[in-house]
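Take the sequences, apply the hints, and build the full model.
As a plain string of letters, each chain reads:
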Amino acid sequence: MDAHERTFRGGLYRKYSIYLVTAVCTALLVAGLTDIYFTVRTLHAQTIAVQEVQAAAAGAKIGDFMEAIERQATWITTLTQDHDVADLRTEAQFLLRRARPISHIRLLDKRGREQVFVSRFELDHVGSGQDFSGDAAFKAASTGRIHRSAIHFRSESEPYMTIALPRNGGRDGVALFDVNLKPLWQAIRPIRVGRLGYAYAVDRSGTLVAHRNVSLVLRQQNIADRPQVARAIAALAAASPTAAGGDKPSDAGPGTGDDGKPVLGAFIHVPKPDWLVFVEQPTAEANEAVNAAIVRTSALMLGGLLLALGLSLVLAQRMTQPIRALRQGAVRFAGGDLHHRIEIRSRDELQDVADRFNVMADQLSEARTTLERKVEARTQELEVANRAKTRFLAAAGHDLRQPVHAVGLLVSSLRLKLERNDLRDLAAKADLAIDNMRELLDNLLDMSRLEAGTTAPNPRYFPVSRVLEQAEFACAPEAESRGLDFRTVRSEQMVLSDPVMLGRIVLNLVANALHNTQSGKVLLGCRRRGRELSIEVWDTGVGIPESRLDDIFLEFFKLQLATPSSGLGLGLYIVRGLADQLGHRLDVSSQVGAGSVFRISVPIADMSGRADIDASKGPPTHLLAGRTVLVVDDEPSVLSAMTVVIGGWGCEVLAAASAEEALELFSVHCNAIAIVLCDHALPGNMKGLEVLGRINAMKEHAHLVLVTADTSPLLLQAAEEMGYLTLHKPVQAEKLRTFLTHLLAGLPAEEASA
Amino acid sequence: MSPESSDPIFGKYLAWAMLVAVALVVIAAASMLLAPPARSVGKVARIGILSPSWADNRGTVYPQFVQELQALGYAEGKNASLISRFSDGHDERLAPLAAELVQEKVDVLVAMQPSGALAAKRATSTIPIVFISISDPVRIGVVANLRRPGGNITGVANTPADLNVKRLEILKDALPQLHRVAIVARSGNPNSQAHLPDDLKAAKALGLEARVYNVAGADEFGSSFDAIERDGMQAVLLVQDGVFFFQRKRIAELAVKHRLPMIADGWAYAESGAFLSYGIANYGTLSVAAAAAVDMILHGIEPGDIPIDQPVDLGLAVNLGVARRLGIPVDRALLLRSDEVIE
Chain Y
1 MDAHERTFRG GLYRKYSIYL VTAVCTALLV AGLTDIYFTV RTLHAQTIAV
51 QEVQAAAAGA KIGDFMEAIE RQATWITTLT QDHDVADLRT EAQFLLRRAR
101 PISHIRLLDK RGREQVFVSR FELDHVGSGQ DFSGDAAFKA ASTGRIHRSA
151 IHFRSESEPY MTIALPRNGG RDGVALFDVN LKPLWQAIRP IRVGRLGYAY
201 AVDRSGTLVA HRNVSLVLRQ QNIADRPQVA RAIAALAAAS PTAAGGDKPS
251 DAGPGTGDDG KPVLGAFIHV PKPDWLVFVE QPTAEANEAV NAAIVRTSAL
301 MLGGLLLALG LSLVLAQRMT QPIRALRQGA VRFAGGDLHH RIEIRSRDEL
351 QDVADRFNVM ADQLSEARTT LERKVEARTQ ELEVANRAKT RFLAAAGHDL
401 RQPVHAVGLL VSSLRLKLER NDLRDLAAKA DLAIDNMREL LDNLLDMSRL
451 EAGTTAPNPR YFPVSRVLEQ AEFACAPEAE SRGLDFRTVR SEQMVLSDPV
501 MLGRIVLNLV ANALHNTQSG KVLLGCRRRG RELSIEVWDT GVGIPESRLD
551 DIFLEFFKLQ LATPSSGLGL GLYIVRGLAD QLGHRLDVSS QVGAGSVFRI
601 SVPIADMSGR ADIDASKGPP THLLAGRTVL VVDDEPSVLS AMTVVIGGWG
651 CEVLAAASAE EALELFSVHC NAIAIVLCDH ALPGNMKGLE VLGRINAMKE
701 HAHLVLVTAD TSPLLLQAAE EMGYLTLHKP VQAEKLRTFL THLLAGLPAE
751 EASA
Chain Z
1 MSPESSDPIF GKYLAWAMLV AVALVVIAAA SMLLAPPARS VGKVARIGIL
51 SPSWADNRGT VYPQFVQELQ ALGYAEGKNA SLISRFSDGH DERLAPLAAE
101 LVQEKVDVLV AMQPSGALAA KRATSTIPIV FISISDPVRI GVVANLRRPG
151 GNITGVANTP ADLNVKRLEI LKDALPQLHR VAIVARSGNP NSQAHLPDDL
201 KAAKALGLEA RVYNVAGADE FGSSFDAIER DGMQAVLLVQ DGVFFFQRKR
251 IAELAVKHRL PMIADGWAYA ESGAFLSYGI ANYGTLSVAA AAAVDMILHG
301 IEPGDIPIDQ PVDLGLAVNL GVARRLGIPV DRALLLRSDE VIE
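In the order they appear, the protein sequences are chains Y and Z.
Mapping the first sequence onto this note's numbering, position 609 (from 1) lands on 609, and the numbers just tick up by one.
Mapping the second sequence onto this note's numbering, position 129 (from 1) lands on 129, and the numbers just tick up by one.
Note that these hints are calculated values from the structure, not bench results.
Mixed in with the good hints, there may be bad ones.
Said to hold, decoys possible - In silico contact screen, one side only, chain Y against chain Z (beta carbon under 8 Å); selected entries: (1) Q93; (2) E158; (3) K182.
Treat the numbers as computed from the prediction; the structure is a model and nothing was measured.
Ideal placement from N, C-alpha and C gives every residue a C-beta, glycine not left out.
What follows is the structure in structure tokens.
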């Protein structure tokens with residue numbers, strides 16, 4: 001889990017943060033930009049609107065002015081030319097009073113001759129008759145149209161316009177009015193827009209007629225080249241020339257100011273003096289408010305973004321925290337920490353998940369505890385059962401061994417003593433039966449030894465013929481009695497293995513072959529395969545179905561045959577166990593109805609001059625003669641049997657039935673006693689092990705052998721530790737003899753123990 | 001068991017809260033700094049005013065002028081600073097006062113009356129000067145010409161001096177029997193003196209016999225009018241003059257006392273007791289024009305490019321009360337053409 005933890009990237013926080021920040025920032029940006037866009041548009045529109053209002057106001061003032069002048073002047077135009085000139089003069093003077101901007105009035109008759117001239121500044125003329133018929137204004141107005149002159153200047157700098165009104169449609173001549181236009185300037189020049197905005201007026205040709213800078217007007221500067229002016233003049237030309245009133249202010253469009261810089265403005269056409277009035281403001285100044293608004297909006301947006309960023313990160317943190325807690329919980333839980341509980345207090349679905357998780361953890365924890373307890377109980381039960389089994393086996397083995405041991409010995413000695421053939425046959429059969437029993441008990445012993453783990457292999461170089469002969473010797477009688485053709489093929493090969501364990505394997509394989517063959521042959525032989533020697537046992541038995549080839553090596557396994565066979569089913573189990581310990585390969589091939597072959601592969605000995613004992617020779621049996629052996633066993637039959645058999649070999653046998661007796665005997669004959677064969681299960685508190693211990697303390701160079709039917713691993717281990725040899729009941733007489741001989745010959749004890 | 005430990009979260013909250021606070025402060029500061037500047041940001045215009053009047057009696061023009069400046073957006077204390085100097089009637093003080101204003105580094109110097117204007121002209125040739133109430137600025141040498149004065153002086157003219165022509169005509173219209181008319185002028189007024197020949201010519205054109213009576217100062221009014229009556233003059237034309245203006249009441253009374261119908265300059269005269277007056281109907285227009293000129297100069301236009309403004313709004317005032325006292329019938333025509341009728 002650790003490695004997984006390390007590679008786990010996590011990214012929920014980052015993901016959430018990015019999503020939230022993106023969402024909020026996008027929203028803010030969109031809002032901000034839209035705001036700016038519309039603000040700019042609105043501000044510009046407002047600026048233009050204000051300018052339009054001012055232009056309209058100026059236009060209205062101008063229009064009203066002209067309107068008033070002409071209206072007031074109308075009365076006098078109704079007076080015919082035949083009117084008394086003095087009266088005309090009075091009327092004119094009256095008009096001067098009413099229309100203040102009028103400075104001069106000239107009344108011409110039909111022929112253009114001056115009837116009356118009235119002035120604010122100069123002397124009046126009455127009936128001068130001066131000829132003005134060539135005057136353009138007279139000519140225009142005498143057709144009945146109102147004529148308005150262009151602006152001209154009197155006294156160097158006074159702006160004037162001459163308005164010619166027809167008298168009675170021109171029938172009675174023309175009235176000329178000189179009108180001072182300074183009031184119009186008053187309507188235009190003081191107009192202010194912001195700090196730098198101003199107003200001005202031009203006539204149709206684009207010449208300035210009113211401007212804050214009077215000198216420009218006096219110079220008659222023409223500004224028709226400015227884009228806004230040109231556009232306005234063009235629009236005017238395009239529009240209907242008879243548009244009377246109703247001229248609305250309009251956006252002048254982008255234009256240029258006096259200083260050449262861009263301006264925003266509005267304009268209006270005032271029909272009466274036929275002027276275009278412009279109200280403008282430098283775009284830079286108009287944009288100041290816009291720029292300030294943009295900066296403000298941007299600052300707000302930035303602040304908003306920062307705020308959003310902060311809040312998003314916090315929010316993402318809050319969102320991922322419980323999820324991470326959940327994940328952490330799952331990780332630890334999977335890692336085995338069932339005590340971890342997830343704490344989330346968010347009062348929402350996540351808390352619910354955490355709570356359910358915790359409940360699950362509780363249940364699992366409980367279940368596990370229960371399971372563990374059950375397992376433990378079970379294990380204990382099994383252990384108890386196992387121990388019981390072992391005890392049972394030990395007990396059974398021990399109980400069985402005693403009589404079998406005794407019987408074996410007795411029958412052996414009986415065979416020697418019988419002379420009648422039929423009796424010898426009976427005894428031989430009995431011996432066989434006893435061998436069988438011994439074999440069974442041996443297998444039990446081996447099994448418990450295997451379980452105890454006391455059999456550590458002791459590899460040596462030895463001739464393979466030793467194990468072959470052992471097996472042959474042990475099994476030939478049975479084969480013969482069952483009418484099976486049992487052959488052994490000799491071999492001179494030397495192998496590297498543990499002779500005792502290998503001997504057991506081979507013996508068991510042959511026995512197994514014999515057991516499972518009703519009729520036919522059993523062949524024991526060797527085949528060299530490279531560096532290994534394959535010891536093979538062939539039989540023509542019932543064969544093993546392929547599906548059971550593994551099963552046959554199981555404890556207490558027996559194939560279901562037509563006829564029940566003897567044995568406990570341990571033979572192959574032991575073979576397998578020993579083979580595993582030795583490290584030898586075990587193979588089996590079989591064909592149902594034809595037979596089977598078992599192979600055990602043993603490494604061939606490398607003959608690099610290792611001297612070995614020619615086991616076929618065996619030690620001379622005369623070694624036994626005259627030697628003293630102390631036998632200790634509480635079972636009288638066993639004791640007497642042992643005494644007889646061993647005595648039959650020429651040994652001096654000292655028999656003890658209890659521990660105390662044994663010690664007493666030993667202390668007396670300690671010098672003479674060469675071997676001590678002591679049964680473990682002695683009456684009283686002192687058991688065989690302890691007896692041997694005491695004897696050992698007394699004298700060290702006696703061979704101390706523990707004889708017992710007990711197969712408990714503990715006992716065997718203890719004996720081994722103390723350095724005692726072990727003999728298991730029932731012991732075959734021949735084996736016992738060989739054992740003792742080897743002991744006395746000084747041969748390695750392993751070879752002797754069985 | 002690892003509950004959400006609150007301390008790191010709190011720490012995070014604090015950090016973010018601080019960040020938010022900083023952001024808000026930044027926004028606020030930015031907003032304030034970048035608010036559209038007040039309209040009146042920019043330098044303060046320094047306007048100096050030189051007047052021969054009395055500080056406690058500033059006449060009519062001065063207050064109107066200040067008002068007109070305000071109308072154009074110049075507010076004392078906000079974007080303009082008005083520095084005024086009054087000579088209290090003592091012409092000889094005008095020169096040092098003008099020099100003072102020059103020292104004050106005013107952006108434009110507004111000078112009232114010919115005396116003020118001449119003093120200002122002598123005090124500076126760089127600081128723009130705007131004069132108010134001068135009848136013939138060219139004649140008295142304040143400016144070279146009316147259309148394009150050049151130099152650093154421009155201004156608002158009072159009344160064309162040759163209105164005397166019109167005044168004589170009006171007098172004749174009002175008094176059909178008029179043959180002999182006295183023209184009273186101040187000897188110390190170069191303007192008046194310069195126009196006298198034209199005035200006499202005009203009188204002759206009207207068929208009137210005119211005689212000039214020069215008066216040096218107020219103390220000579222009495223003797224002058226005595227002489228006028230003694231000489232059998234039938235009416236008086238009072239040539240406009242500042243001193244006369246201030247003494248108008250006394251002069252009007254003298255005219256009435258000597259049973260002389262008098263025509264003078266502005267309506268103030270008729271109000272003060274003159275039979276007729278023909279002149280500027282509304283002195284406010286002078287201030288309007290003067291303020292406009294100051295505005296132009298403050299916007300960078302050269303004073304020399306600004307033409308002298310001449311008033312055109314002239315009106316006739318009739319004092320009916322005086323007419324009755326003098327036994328003059330006021331006919332309809334006269335009434336019709338009168339802009340102001342005073343009882």
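Violated constraints from the hint list, given by number and in increasing order: none
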